[in-house]
Every structure is written in structure tokens, then in C-alpha cells.
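Visitor: The residues making up each chain are set out below.
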Amino acid sequence: MKKSLGNITDRLDFWSLRPVAVTGVSGTRVLLGFVGLMYYVSQYQERNYLFGPDGVLPHEDFKAQLTGFSLYTLSASPWYFQLVYHLGIAAALAVMLGVGGRPGLAVHWTLLWSVYQRQPGLLDGGDNLAYVVIPFLLLTRCYDRFALPVGLASRLARRVPGHLRALSVPFHNLGVLMVAAQICLVYVVSGLYKVMGEEWQDGTALFYIMRVAEFELPGWSHLVYENDALVVLGTYGTVAFLVYFPVGVLVPALRPWAAAASICFHLSIAFFMGLTGFALTMIACDLVFLSGALDRALLWVRGRLPGSRASRSGRTSQADAAPADPATAERPSGENTTQPSAPQAELV
Amino acid sequence: MTMAALSQAPLNPAKLVYGDRVAEYLDPYFSQNWQLFAPTPLSDDRGVLARAACADGSVTQYYDVSARGVQKVQSSRFFPSRENRIVSAHLQNLTSSEELLRRIRQQQTNDKKPLLPPLPYEKATEADSIEGLSRYAYDQLPAVCDGETERIQIRMYVHELPPWSKRHDPSAEGKVLVHDFAWQKTGDLR
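Which chain is which? The protein sequence lines are U and B, in order. At the far end of the first sequence sits residue 348, using our numbering, and the numbering has no gaps. At the far end of the second sequence sits residue 1190, using our numbering, and the numbering has no gaps.
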């Protein structure tokens, strides 16, 4: 009894003192920033027609059908529209580069939500996941890695009262847990609904989806859908992967494999179905499970760049007590993410 | 997180009781929809044809106004254009209905009873989508009628692709369903 109590308090201590998957969520932030940036950039030429006040959804109609808020409602002036759109680009770029810290991320979310709602017909599951997950990232230390060094943020951080700063780690861990639980929910729900579908049961769903013109890559898709074995294996493989993803994540030994499988799965979706933004958003969220691997990759890269070594390692040790040694770097992130297992299991 | 999970569950007793309250809490900022090509994957090509009535009284042929958007998606694999989704989102609105209503109507069809007529909100969504599609079609056809278009009519088509069992049959073409919507005055669209 006493031992198990001690065990629980140890775990609580660990949970409130050691930030988990810092590199992973930083990667998530970079990639989500990039996808957000590309949402603006890839539609830059068409922006006036798709999002503008005199475009395909005129300002008055847009205001009538809006749910929630959008900064684009405030004025019907084309100049105002250009201003908000370009501010959105700047905010997304700042998030990707790691400038502006979490307040910058909140600004990015506001602008991104606004442009999403300006033309909701364009959205897919990836955009949905992005706007759900960014508020969770606001809880985390997602600017501790892959960020351009800016003195201002750390100077501001030092002004925050001590008892508030003490909450930073548990909030960080909660944020990571929520991202992890959210992505598991996405996979399991989409997997279970597929189990219910006739074509998914028959092993022919891939054949049907890949022929739909909107999701077809001419010259390539037929190589898959005309091959019976690939169709059946691909269909069943997709369902099995989605349904068992949480198991793959909860067992530490399987975790990198589950995340790697997910990345391959989504890269093929990006290639064959043209859903680049969707695929990269999913991959971004998978990165929270790959924190150890990312740490090792970073160390390897730093080993190749002797010039930046000294300054970088000084900065990380100041940012938090992150282990710089690959052996220990793998361990804490591996153990820590096991702890969310209880709440995640309930979800499934 | 439990609420998010409940919102994603299939229609069940708990969802019938608590679903609205949960949706109130999650929507719109944490709303979720993760069915992603399930349970029934897409298996048809959908699109919109449009024709115009000119000021001189003549009526043009039909033009496929959705094909260009689809071509734009297919021509790039790196963040392709999403313009085609304007059409597909409206078509989705026109062809799908809320799960509970869908089941009621399915039951009525099976029992050969009169169908529940569209609810007021369904009519409003439909009208919005028809207007949206007509406006898009009008914008895609700037040159017809020498620019003097008075009215525009859209025709939705759903081309069901041949099923798996006929995959080796080159003569299999699949059914095409067509639905014409009412003429819209261009003055109301722009």
C-alpha cells in the first residue's frame, strides 16, 4: 500500500517537474505553422475570389452564415481584407520560424480561424485538427526547440511570478497529453466508422475512393486501384492501422513504429489524393510521439555542424533541464508519455 | 476529451440525450468530424453543369463549370488549389441530410409511407447552396451571351462509377443521376 502510494507521488512529481516531448511539440508547432502558411500562400492568387468581400461568398452572405467569430466580418472594405490576409501570412510565418512565442501562436490561431470561417467550404479534416490542436499547443513549451533566438521572450518570462512559472510544466504536460489524446481520437473514430462501412469490410474501399476524379492522380492512381492485391491489402491495412494506433502509441516499444507508419500512410495520401495540408497536419501531431527520435536527429545534425554546437547547447540547457545525451533523451520522453495511458484508454 | 469522444460516437442512447449539450460546449471552436471517407467511401464523380438565358431570349448550351477546379487539383501534388471544394461542399449540402432524419426517411421508404417533407432549415440550406452554385457558375461563364446573361440554371450530376465486380468490363459505364434546379436571376447573384 505504502509503496504504491509512494509510486503515485513519484509519478505526480515526475509529471509536474519534467516536461515531456518538448522537441516533439516544437516540431508540431513548426509543421502546423508551415501548413497554415501554405494555406495562405497556395491560395494567394485566388484570394480575392475565394475570401474577398466581392468574391464567391459576398460579404453580407458570409456574415449571415457565420458561426463563431471571424476578423473578416469587421469591414467589407477590400483594403481591410488585404490587411487581415497579409497579417495572417506574417503570423503563420512567425509561428513556423519560432518568433513571437505563445502570444504569437494565439494571434496566428485567431487569424487562421478567421480565414477558415471566411470560406468554410474549403476546409477538410486537416484544418479541423489544426484549429482544435493549436489551443492545446498554447499550454506547451512548443517554442523551446526549432525557434529563432529572440531575447525578448526570455526576458518577459523572467518577470512572470514564481508560482505561475511553477505551473508551466504541468500545463505543458497536460497540453502534450491533449494533443496525443486528440490524434488518437481522430484515428480511432475514423477507423471504427470504416469498420462499419460495407466497402471497407469487403476490402474494396480503396478501389472506389481512388477513382473519384477529385482524389485521383492521373497516371498513378490506376496502378493501385487496378491491382486487386494492393486494393485489398491497402483497405484492410488502413483500417487495422487506424483502429490499433492508440495501442501502438501506448506501448513504448511500438511507439516510434506506429508514428513512422502513420507518417508513411499520410505521405501516400498526400501523393495519391492531393491532400497535402491534411497529411502534413496529421504528421505534425504524430511528432509528439517521436520526440526521442527528433532529439537524436537534432544531436546528429549538430554533430555535423561544429560551428553552431557551443551556442546551441548553451541555449537549450538554459531553456530547460532537457537531457542532451541521446541515451537519457530517449528515456524520459519514452516513460512520460506512458503516463497519459489511463485517460487515453478511457477514450478508446 | 470525453465530450469530444461522445460527439464522435455513432448515434446511440447517450448521444440522443447528451449530444446537443455536448455540441453546444464544443462548437464551433472544438467541433470535430473524423469520419474521413467512412463508413461509405465516395464512389461517384459529381459536378455541376450550367446554362444561361441571354437578354435576347436565347438559351445557351450546358457548360461543365466544375471540371476546371478538378483539373487544378489534379495538376499539382503540393498544396493543390481548393477551388473545386466550393462546388463539392455545396453538392454535399444538397445530397446529404442529418443522421436522424436520414434514418426516418429510410424507414418511411422501406414501409412505402409518405416521406417526411424537408424541414425549414433544410430548405434554407438547400436554397443557400443553389444560390452559391449558381453564383459560382455565373462567374465561370463571363463570356456567354456576350456578357448579357439574365438568368442562369444549374444542373447537378452524380456519375456513379462502375462497381468492383465490373472492373474488368470496359463497357461498364455506371449510372448518371441528374437534377435540374430552378433558374436564378443573375441580378440576385451579383
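Rather than coming from a laboratory, the hints here were simulated on the basis of the structure. Yeah, the Cβ is synthetic: ideal placement off N, Cα and C, and Gly gets one too. Warning: the hint list may mix true and false statements.
[What the hints assert, rightly or not] So these bits of chain B aren't anywhere near chain U, every CB distance computed over 12 Å: (1) Pro1039; (2) Thr1040; (3) Asp1044; (4) Arg1077; (5) Leu1100; (6) Arg1105; (7) Glu1122; (8) Gly1147; (9) Glu1150; (10) Phe1181.
[Unchecked claim] Incomplete in silico selection of chain B near chain U, CB under 8 Å: (11) Pro1028; (12) Tyr1029; (13) Ala1038; (14) Ser1043; (15) Ala1089; (16) His1090; (17) Leu1094; (18) Arg1135; (19) Asp1139; (20) Ala1143; (21) Asp1146; (22) Gln1153; (23) Arg1155; (24) Tyr1157; (25) Leu1161; (26) Trp1183.
Visitor: None of the hints should be skipped; say for each whether it holds.
Guide: So, going through the hints one by one against the coordinates:
| no. | hint | result |
| --- | --- | --- |
| 1 | Pro1039 | violated, 3 Å |
| 2 | Thr1040 | violated, 5 Å |
| 3 | Asp1044 | violated, 7 Å |
| 4 | Arg1077 | violated, 6 Å |
| 5 | Leu1100 | holds, 17 Å |
| 6 | Arg1105 | holds, 20 Å |
| 7 | Glu1122 | holds, 15 Å |
| 8 | Gly1147 | holds, 18 Å |
| 9 | Glu1150 | holds, 20 Å |
| 10 | Phe1181 | holds, 17 Å |
| 11 | Pro1028 | holds, 4 Å |
| 12 | Tyr1029 | holds, 6 Å |
| 13 | Ala1038 | holds, 4 Å |
| 14 | Ser1043 | holds, 4 Å |
| 15 | Ala1089 | holds, 3 Å |
| 16 | His1090 | holds, 7 Å |
| 17 | Leu1094 | violated, 12 Å |
| 18 | Arg1135 | holds, 6 Å |
| 19 | Asp1139 | holds, 7 Å |
| 20 | Ala1143 | violated, 17 Å |
| 21 | Asp1146 | violated, 23 Å |
| 22 | Gln1153 | violated, 18 Å |
| 23 | Arg1155 | violated, 18 Å |
| 24 | Tyr1157 | violated, 12 Å |
| 25 | Leu1161 | holds, 5 Å |
| 26 | Trp1183 | violated, 20 Å |
The earlier numbered hints that this structure contradicts are 1, 2, 3, 4, 17, 20, 21, 22, 23, 24 and 26.
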